[in-house]
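Number of protein chains: 2
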Amino acid sequence: MTPTPGTTLSDAEYRPAIHFSPRIGFMNDPNGLVHDGTQWHLYYQFDPFAPYAGRVHWGHATSPDLYHWQDQPVAIDQTPAGEAFSGSAVMDAHNTSGLFPEGTGGLVALYTRAAPDRQSQYLAWSTDSGLTFTEYAQNPVLDLQLSSFRDPQVFFHAPTQRWIMCVALSRDHQIAFFGSSNLLQWTELSRFGPSGMTGVDYECPNLLEVPIEGGKTAWVLFVSINPGAPQGGSATQYFVGTFDGTRFVPESDTTEFVDFAKDFYALQFFTNVPSGNPVSIGWLNNWQYCQETPANSWRGVMSLPRRVSLAPDTTQRLKLIQRPEDLTPLRGTAADATPPSRMDAGSSWETPLPASAAHEVRMSVEIDAQPAGLPPGDKGRSGRFVLNFLNSNEETLSIGFDAFTAQLWLDRGKLKGFSHPFFTNSFSAALTPDQRKITLHIVLDKCSVEVFVNNGQQTGSALLFPATPLDRLRLSATGAGATLSHFELFPLKQTVRAEEGQI
Amino acid sequence: MTPTPGTTLSDAEYRPAIHFSPRIGFMNDPNGLVHDGTQWHLYYQFDPFAPYAGRVHWGHATSPDLYHWQDQPVAIDQTPAGEAFSGSAVMDAHNTSGLFPEGTGGLVALYTRAAPDRQSQYLAWSTDSGLTFTEYAQNPVLDLQLSSFRDPQVFFHAPTQRWIMCVALSRDHQIAFFGSSNLLQWTELSRFGPSGMTGVDYECPNLLEVPIEGGKTAWVLFVSINPGAPQGGSATQYFVGTFDGTRFVPESDTTEFVDFAKDFYALQFFTNVPSGNPVSIGWLNNWQYCQETPANSWRGVMSLPRRVSLAPDTTQRLKLIQRPEDLTPLRGTAADATPPSRMDAGSSWETPLPASAAHEVRMSVEIDAQPAGLPPGDKGRSGRFVLNFLNSNEETLSIGFDAFTAQLWLDRGKLKGFSHPFFTNSFSAALTPDQRKITLHIVLDKCSVEVFVNNGQQTGSALLFPATPLDRLRLSATGAGATLSHFELFPLKQTVRAEEGQI
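In order, the protein sequences belong to chains A and B. Count the first sequence with full-length UniProt numbering and you get residues 1 to 503, in order. Count the second sequence with full-length UniProt numbering and you get residues 1 to 503, in order.
Honestly, the hints are just simulated from the structure, not real lab data. Backbone N, C-alpha and C define an ideal beta-carbon position, used for all residues, glycine too. Fair warning: there could be bad hints in the mix.
Stated by the list, open to error - Ranges of calculated distance between the beta carbons of each label pair, as one might list FRET restraints:
no.: 1; chain 1: A; residue 1: Arg191; chain 2: B; residue 2: Arg247; range: 23 to 31 Å
no.: 2; chain 1: A; residue 1: Ala81; chain 2: B; residue 2: Thr314; range: 26 to 34 Å
no.: 3; chain 1: A; residue 1: Ser364; chain 2: B; residue 2: Thr432; range: 33 to 41 Å
Construct all of the structure, not just a fragment, from the sequences and the given hints.
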């Protein structure tokens, strides 16, 4: 079956306003996420020549605030030694590498050079705040003579005063940990895995210490898998545990996924974050269809920057909490749209979306308890609250809460711009059992939606391809009444290439 | 949003011909699967009064061959002590329980009585080969004073000469193991979990020794979860390891799911199997929509009986192999339909399905290698082979192989009889990397399809609701040519209530 693109919007009309996307070409994993003391750097897997994966360079953008991104020249090229695959960047402030002039330091990137039969870890450093990099003459800095060994993440572990590298032995489903005093010589410390869901390949490990809400911290190891994620293709899972500078030990044999939908991959965290919780960015896509989504000139979108923490769930297991970096500076005037605070079963309310490329919705709603003594099969047994973004082309994006089973859905199946056998229509999440109240924080931005549920306890990220822009919002209560305690709808101001207008 | 049933076929037209379904009412988990020396028993969770979950009894059917099922009267009733939730049945041939007349033995059922605030394990025995059961006077035989403690599976462990019970501490995400010499007094031996993916509840554990193809055996623990499975709602995962009569120890910290789609739950194995590999049956459904699928009088379908073994994958990890119980006795005359052995890219071939309620397809196909030196983005980069079941109502069920990424899809999204936000349209599986050859064994039976890939290495099970019967089969090669080495299409004879015709 040939994928049927159908009637689609133009490249420009799908381009997000507050999510980073490449001007041209193909973008996948975020790389080298680092704050250099002045600004945020987003490097990324980049084919500058065509909107398809291949000929991988490190693209580059910088930002003062994680939303306003400035395009920068390609930072690391494909070379005869191979493509520049994923990796990380650290501030070598104290010149542990000895690569910088005495008394200075700077950004160091560690990444995989991928030749057809060899993947090894390379180092490059920058003396101009990350704009250009010089490759280390004795590269590779780490080579196990393997064809499947990639995506180094490096961070400084203060208690043991050394650099730690996490890197994927992809086909073996292991994460190897190495230590170094100078970023140049690496000694293996331990391995983790196979663990959780393995898929075909492990990729893009990220290990970091994450604050637990209310105090303390735990270590979290993120491992992306592709293909073979349970919803198909690529996805990122995580393990919570301890790290003593040598070995990561999970606190249980369970695994969890970062996202309940299927378009969030290769999550990476910024190093050298000045303040606040850890900040992550993921690639809003899935390898199953990322090269076939509607486009002529560019493909690839990064997620919103997300602040991450941990909190215990009702069974006292620590789960990931994700919330978007503060959006209030991006907000325009709140829409003058006030739904009724009380919505009876069968009622709905609708409002136009304010004119803007991107929109933010925040709301809290409690669904009535299931009436007692219903006859079996009475449809009163389902009490659902639904938020739709829709248009006059009979397209609708549906986000719904099935209150009596405490499950949420995200359904993009009634959008008409893209059809593909791997482009799954709907996703769902199990929320806290017996909890009929839900809070939703939704960001809709052209070809993307991100749904943060119950203050970040669950997150769903999905690409969207409406054939016509979604321009209305509807709330509906079905099967049971609902009480809204909070509702806000904001237009969000364009931040990516805003000075150029929407291109 | 109210689920939109659309135009649907009648209850009778969705009723499978070779899969067991209840004559009326609602059926979920298989229970008490046992061979009594003469015939196979299928008990099942059953509301005889309405096609909705509730008022749970044990329904019952018997079969000489796992395909021809004879309805039997309800075997275990709901009582004032609670509903008769899931459980198992064993042959107490040597009267270890002392419940049978001296020198005789018989079937013993162990199951959960579920009151609103208490779930405990009950025992009942049968002196008429499983038709009727007498509840033990000192029930419960196992009560931990818990509200979430259910689904006992019992088997005899020969090396330690005792009965073993596996039972779910559902909300705690643990499986507890108990031992007994007489089925009446139970002593806790160990616990397993939390492990793998937990969802909200663990349910329906099954532990058994499974042969490894080529010799030896390993123990496999199956744990169903609901809700919160990664594709939404309910699903069954498994762990491979060892069991010494006291403790199950997994051989790794990984988890795998039994099915790559989302309609296979509460898998249970037969006890006392006369010969051959272990035999399982699962419930072909998902708790997210099982009470809302198109029906007026009945809901619920069991999977095909499946013979199960283990085999190492390319990374030497043991994976589950599932193959349907021998279907050859059900076959009618093979369709006189021979696709070309060579199909060029862009070509397709079509044949009517032979007149029959159910159909079986077996085929092997190898997709051409990706041409070298293609320009990026050339659609030659995807080589796909697609099998469609379709009709003149523009409905199609699509099963496709994306050869260059070695992934399979199963897409029911273009059938028009049922739409529901949780009724996910498509599913996929990652197959052996770099393997461009695939074998498919497909059974299409009215409202169900089961796809066995590469001789049982992957299995996908899905409910289907076409608005009009699917009556044609089409093969297509897209992006790359394909060579068919094998193709067979059989009508399958009705086996369930065949004497009554299709009711």
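Now the hints, each set against the structure:
Checked against the hint of 23 to 31 Å, the pair arginine 191(A) and arginine 247(B) passes, with Cβ atoms roughly 26 Å apart. Taking 26 to 34 Å as the suggested C-beta distance range, the pair alanine 81(A) and threonine 314(B) conforms, at roughly 29 Å. A hinted range of 33 to 41 Å is violated for the C-beta pair serine 364(A) and threonine 432(B), which are about 48 Å apart.
The structure shown violates just one earlier hint, number 3.
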